[in-house]
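With chain A's structure known, arrange chain B on it following the hints.
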Amino acid sequence: MTIDAIKPGLLTTLQDAGRPGFAHLGVGRSGAFDAPALRIANALCGNLADACGLEITLRGPTLRFNTDALVAVTGAPLPVTVDGRDAPMWAPVPVRAGATLALGALRGGCRSYLAVRGGIDVQPVLGSRSVDVNAALGPLDGRALRAGDRLPVAATEAGLKYTATLPKWRVDPRPWFDDDTAQPLRMMRGAHFEHLTETSRNELFLHAFDVAPESNRVGIRLAGPTLEWQAPLEMISEGCVPGLLQLPPSGQPIAFGPECPVSGGYPRIGHIAAVDLPRLAQCRPGDAVRFRACTLAEAMDALHIRAQSLTRLEAMIRRRVTDDFGFDHDETGATPE
Amino acid sequence: MDFTLEAISEDALLLRFGDRIDAAINARVHAAARTLRTAALPGVVDIAPAFASLLVRFEVVSATTSLDAAIRDAIGQETAAVQTTPDTISVIEIPVCYGGEYGPDLEAVATHAGLSPETVIARHVAGEYTVAMLGFAPGFPYLLGLHPGLTLPRRATPRTRVPAGSVAIGGAQTGIYPRELPGGWHLVGRTPQALFAPTRHPPALLAPGDRVRFRAIDRAEFAALAGAAA
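If you read the protein sequences in the order shown, they are chains A and B.
Count the first sequence with my numbering and you get residues 1 to 337, in order.
Count the second sequence with my numbering and you get residues 1 to 230, in order.
Excised from the complex, chain A in its bound form (with noise of 0.2 Å):
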């Protein structure tokens, strides 16, 4: 039960739900950067939310399975292919042992997930199977996918209808993969937003800002206007979080990913809205990206309305899947409701 990388892709990641509960220790969460798209692949071939699978940077990874497998691709889009096939996007692929998986280059956005029936199966390091570069912690040694790494499945049931045909459904990868880059980002003004000028408190909201080339799952960093205070601030390091929105001393934003430090010293203009942090995972440099003022209860509105639809979608696919492949239902990881 392993699946082979043959070519590593650009950058390609262990994640899972991420590692919540060792903040106070310096660890930060990691976890999927666009966490929805992994969930659904996940669901797509039958596996409990915060199953294990791969998560792809611009360019995918070349994939041979030692073993049957039920695979699903979802996130930004990217050419998929079984041995030479083309397989779809948003939906359960079968796939035979010895046969070769290749996702290609992403056509838009910057990341997309691949979930294995019965998940990656590595070691969890503090509870989580995510690896965070940045931090150099997690399965892999904490490092990305190298050609040559072995990578074990969790052993499932036997005798699943891996001979079946490709389903006739997929997933609607809409609002789960938004390609309209031009829709603003959600963001609630930070602590330090008021000691911005005037004129650099318009900016942030009227211009767009254009994702850098050095941004990572630390943070995206957006090239703009320059951002200036009306004096200088005094900070001392505090808590950060993913979609916080610092202002360095260069006065070019930097908006926190998964990856984003525990604490940190520069000044916080703002916080995305955590129910557009799938499209900030989806900013690939050289996109431009605005922003549209909103309110804590706005952004927690959209985000319950969002993970009630996430369930809802979660909870269909898993009947499908288990009608089309034969699943146990109770092996399905689907959760009381």
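Calculated directly from the structure, the hints in this document are not laboratory data.
Wrong hints could be hidden among the right ones.
[Unchecked claim] Label pairs and their calculated CB-CB ranges:
#1 A:Gly127 with B:Thr38: 50 to 58 Å
#2 A:Glu214 with B:Gly149: 36 to 44 Å
#3 B:Ala223 with A:Ser250: 19 to 27 Å
[Said to hold, decoys possible] Here are a few chain A residues that sit away from chain B, every Cβ distance over 12 Å (derived from the structure):
#4 Asn66
#5 Gly108
#6 Ala182
#7 Thr199
#8 Pro261
#9 Arg292
#10 Arg320
#11 Asp323
#12 Phe325
All C-beta atoms in this analysis are idealised placements derived from N, C-alpha and C, irrespective of residue type, glycine included.
Just chain B, lined up with the frame of chain A:
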């Protein structure tokens, strides 16, 4: 205990007890952290102290809608009980081999302080430190309690690679690099002890609020301890 409470995201509250690096303020942060850990409020998953603030992260779905009030309640009761010290205060001793290749900046620190390297070591060893917070990297402790005569600004040019175990001075603080990292602090020595090991329980040698002392060791003892740890 006076503090402000700010929602910094949908799932995080920041409790601020002050706006400067100060041992008394930091002690209040640790007291509040202990109180909240004991209170075990539903949905709370992270309670992370910083110098003058406390980050509380929670599960949006399972936390009570009145988490702010619950936090204020819990910490308010704590003040009434004047229970601000931990149940046990243990001092963790960290062996350090000072100077030489392990502490390439010891001479520079001594020159800046107008002291001999031996006096710098003596003052660094004489201090009792508090782990104000962990951050920067897993297991990296920011220690308060540095002798005021030993403070100096960070290096103008940070090193791209600071070796694991390096004991360093940056500003008014001292700290220890848990693994090889880039860093701008001045390296005065090195400990053979592992500050962070994910398979160990607990994974970090030091926790927020812990007390720390350094003990000067020679190269032979460093080698012996490093060998025993390997």
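Evaluation of the provided hints:
A hinted range of 50 to 58 Å for the beta carbons of A:Gly127 and B:Thr38 is inconsistent with their spacing of about 22 Å. Here the CB-CB span from A:Glu214 to B:Gly149 is close to 39 Å, well matched to the stated 36 to 44 Å. Range check, B:Ala223 to A:Ser250: Cβ separation about 44 Å, and the 19 to 27 Å hint is violated. With a cut of 12 Å on Cβ distances, A:Asn66 stays outside the contact zone with chain B, its closest approach being about 28 Å.
With a least CB separation of 27 Å from chain B, A:Gly108 remains clear of the 12 Å interface cut-off, as annotated. Residue-level check passed: A:Ala182 sits 24 Å from the nearest beta carbon of chain B, beyond 12 Å. The beta carbon of A:Thr199 is kept farther than 12 Å from every beta carbon of chain B, the shortest such distance being approximately 25 Å. A beta-carbon of chain B is positioned within 12 Å of the beta-carbon of A:Pro261; the least distance is around 6 Å.
Every CB of chain B is more than 12 Å from the CB of A:Arg292 (nearest about 16 Å), matching its label as outside the interface. For A:Arg320, the shortest C-beta to C-beta distance to chain B comes to about 25 Å, beyond the 12 Å cut-off, and the non-interface label holds. The beta carbon of A:Asp323 is kept farther than 12 Å from every beta carbon of chain B, the shortest such distance being approximately 28 Å. Distance to chain B confirms A:Phe325 as a non-interface residue, since its nearest Cβ pair spans about 29 Å, more than 12 Å.
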